[in-house]
Amino acid sequence: KAGVTQTPRYLIKTRGQQVTLSCSPISGHRSVSWYQQTPGQGLQFLFEYFSETQRNKGNFPGRFSGRQFSNSRSEMNVSTLELGDSALYLCASSPTGDNSPLHFGNGTRLTVT
Amino acid sequence: GEDVEQSLFLSVREGDSSVINCTYTDSSSTYLYWYKQEPGAGLQLLTYIFSNMDMKQDQRLTVLLNKKDKHLSLRIADTQTGDSAIYFCAEGLMDSSYKLIFGSGTRLLVRP
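Line by line, the protein sequences are chains S and F. Note that the working numbering numbers the first sequence so that position 42 is 42, with each residue one more than the last. Note that the working numbering numbers the second sequence so that position 17 is 1017, with each residue one more than the last.
If you are wondering where the hints come from, they were derived from the structure by calculation, not from laboratory data. In this text the structure is predicted, and so the values were computed from the model without any measurement. Fair warning: there could be bad hints in the mix.
What the hints assert, rightly or not - Calculated pairs, DSBU-like style, for lysine-lysine (alpha carbon to alpha carbon, straight line, at most 35 angstroms):
| no. | chain 1 | residue 1 | chain 2 | residue 2 |
| --- | --- | --- | --- | --- |
| 1 | S | K57 | F | K1056 |
| 2 | S | K13 | F | K1036 |
| 3 | S | K1 | F | K1068 |
Whole structure, please, built from the sequences with the hints as guidance.
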């Protein structure tokens, strides 16, 4: 079974731009979560989607948004990029998102200059 | 509140056992997890333990859970240089949905 796939692996953007990251979950998994990893704040929960609905959102500004498609693939978008948005963005999937282990992809490393 | 703490660094000699410790605060955790992160990679799920269990063994890995003290440990037997990585402890919590609260990670260095 293929694992969680994230594209692209690396992105370089300038301040003020917007960016879209993509995640394909493990086949059959319907829950997709996003996490941000930075040296200063560590791993922080961004949001979780199940059946195209956002069920939960972490403490991030409205510039961070996402969506999930009917095939469970997910995208996250960051608008008006700031230098502090530079991070590794990790996507994880699980079958139902309820009390089951999360399986992570290799992440998208975003650099904002 | 939600908080998970780990020591930052551990150095061991190849062939020795490694023990990585973690404390958490939320007693409503359902599962507790250990993830491994190698340079440039994502998080690899190593093992996990249900909050009602005391111990789980999986080949070279042993997880011990002391629920009273909210203390979790990961023991790696016969540590190899390929085990050098950052190890994250995480607690699983349900609110609107399931999410993980991570510790800051323990960097394990295995010396030949």
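Here's how the hints hold up against the structure:
no. : hint             : result
1   : K57/S to K1056/F : 32 angstroms, holds
2   : K13/S to K1036/F : 29 angstroms, holds
3   : K1/S to K1068/F  : 38 angstroms, violated
Of the numbered hints listed earlier, the single one contradicted by the structure is hint 3.
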